[in-house]
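Listed below are the residues making up each chain.
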Amino acid sequence: MRSTPIYFLAPVAAVLVMLTELPATAQTAAAKTAPTAADWSALAKLPDFSGVWEIGPGGGGGRGRGAAPQGPSLTPAAAAKRKELQSLGREDNATANCVPPGMPGIMGQPYPMEFLLTPGKVTIVIEAYTQVRHIYTDGRPLPEDPDLKFHGTSIGRWEGNALVVDTIGFSPLTDLVANVPHGDKMRIRERFTLTGPDTMSIETTVTDPDVLTAPYTTTRTLQRHRSWTIAEYVCQENNRNFVDEKGKAGIRLDDPAGASRK
Amino acid sequence: MRTLTLVLIAVTLFAAGIREATAHHSFAPFNMEAEKTISGTIKKFDWTNPHTWIWLDVAGDNGKVETWGIEGMSPNYLGRRGWTKNSLKPGDKVSIVVRPMRDGSPGGMFVRATLADGRELRQSGQAVD
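Line by line, the protein sequences give chains A and B. Under my numbering, the first residue of the first sequence carries the number 20, and numbering increases by one thereafter. Under my numbering, the first residue of the second sequence carries the number 58, and numbering increases by one thereafter.
Hints are computed from structural coordinates only; laboratory data are not their basis. Every residue gets a Cβ at the ideal spot worked out from N, C-alpha and C, and that includes glycine. Mixed in with the good hints, there may be bad ones.
[To be verified] Partial pick of chain B residues on the chain A-facing surface, computed with a CB cut under 10 Å: (1) 81; (2) 82; (3) 85; (4) 86; (5) 124; (6) 126; (7) 128; (8) 136; (9) 183; (10) 184; (11) 186.
Given only the sequences and the hints, what does the whole structure look like? Please build it.
In structure tokens form, the structure reads like this:
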């Protein structure tokens, strides 16, 4: 083997250093690199989540109905908090004022959702309240100190045929279930699995060391409707419902500004 | 007794397929244990989110016309169950069963409607593809 001049080796060494560093910077690299044709064609090997889905009859919709009759098992402090909130006799929550419920409630609405698979990401378009969830499947880790969001921050990965999603960092304006505020450490794991040609199961497990004494798992069954499209849902279009600060619910029968002008 | 009543309401609503209203707001403003039938002429039909609103002109005993506001499920929900924005048109004569408002205001939650030609509108039932 001929000896190689040192100046020729310099770029090779630089590449080697970059390769060595790659694992540490993979998350940003993955997000900033344009997807290749191979990335796009790899999507075809994933389970077919395409189309519009809605919770089926008896599939565990609404406010947890049919999903977990027992409800979550609460710590003494959370149980006391729930009792206190219930005693206030609030007639409704902020959704009456068009504030979206956030996670996990947004996944239990009686409206459809659509799954979009692109390289490194699953996007869930949710008709209710015109909401979107962004689930990164590019290998990035969950953030250590996330901003607090209605839907938290989600990463996902494919385990066989299941999409497994972990979510942390929830807004204090969202509840775990009705009258049960979540703690700072609430974590939600969802398993999305096709169970038939047009059925999907979503198993949702909530852990929250400050609020729950055991993981709270619910399962919903969704039905695919290939002919459907996601419809517009602008909650403020003609919302006549309201709840005031004291929890009193009411309805405006007059013509509020902005309501259906004709 | 109150608990039993609430359970019965919940069971009835579930059986009727009424889920939409629970998603957006509670039933608190309506008397869910009462039904009232009102008849009149459609003034306007709001095919809007988060709820449809039927505005019905109803003649009172004194001959004075009062406009009732009747809340229905969303166009998204009803549109997947056979309704369209033309299901009710201004001028249509219609009889509507409502859950009346608790405070006595001329309003209520839609249960079912019967038009002059006998056509019946409901908002329960399975979604269609």
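_Satisfaction of the residue 186/B interface hint, Cβ to chain A closer than 10 Å_ = Since chain A brings a Cβ to about 5 Å from residue 186/B, closer than 10 Å, the hint holds.
_Tell me if the interface restraint on residue 124/B is satisfied: Cβ within less than 10 Å of some Cβ in chain A._
9 Å, holds
*Let me know if the C-beta of residue 81/B comes in closer than 10 Å to any C-beta of chain A, holds or violated.*
6 Å, holds
*Does residue 184/B pass the interface hint, meaning its C-beta sits closer than 10 Å to a C-beta of chain A?*
Cβ of residue 184/B sits 7 Å from chain A, so the hint holds.
*asked:* Would the hint on residue 86/B be counted as holding, given a Cβ-Cβ threshold of 10 Å to chain A?
replied: At 5 Å from the nearest chain A Cβ, residue 86/B passes the 10 Å test, so the hint holds.
*Verify the interface restraint on residue 128/B: the C-beta must sit less than 10 Å from at least one C-beta of chain A.*
Residue 128/B check passes; min Cβ-Cβ to chain A is 7 Å, inside 10 Å.
*Hey, does the residue 136/B contact hint survive, CB to chain A under 10 Å?*
It holds, given that the least Cβ distance between residue 136/B and chain A is near 7 Å, below 10 Å.
*Taking the closest Cβ pair, is residue 126/B under 10 Å from chain A?*
Since chain A brings a Cβ to about 4 Å from residue 126/B, closer than 10 Å, the hint holds.
*Per the CB criterion, is residue 85/B less than 10 Å away from chain A?*
Because about 4 Å separates residue 85/B from the closest Cβ in chain A, which is inside the 10 Å limit, the hint holds.
*Per-residue hint verdict: residue 183/B, partner chain A, C-beta under 10 Å*: 7 Å, holds
*Does the CB of residue 82/B sit less than 10 Å away from some CB of chain A?*
Given a least distance of 4 Å, the restraint on residue 82/B holds.
Violation of the numbered hints given earlier is absent; every hint is satisfied by the structure.
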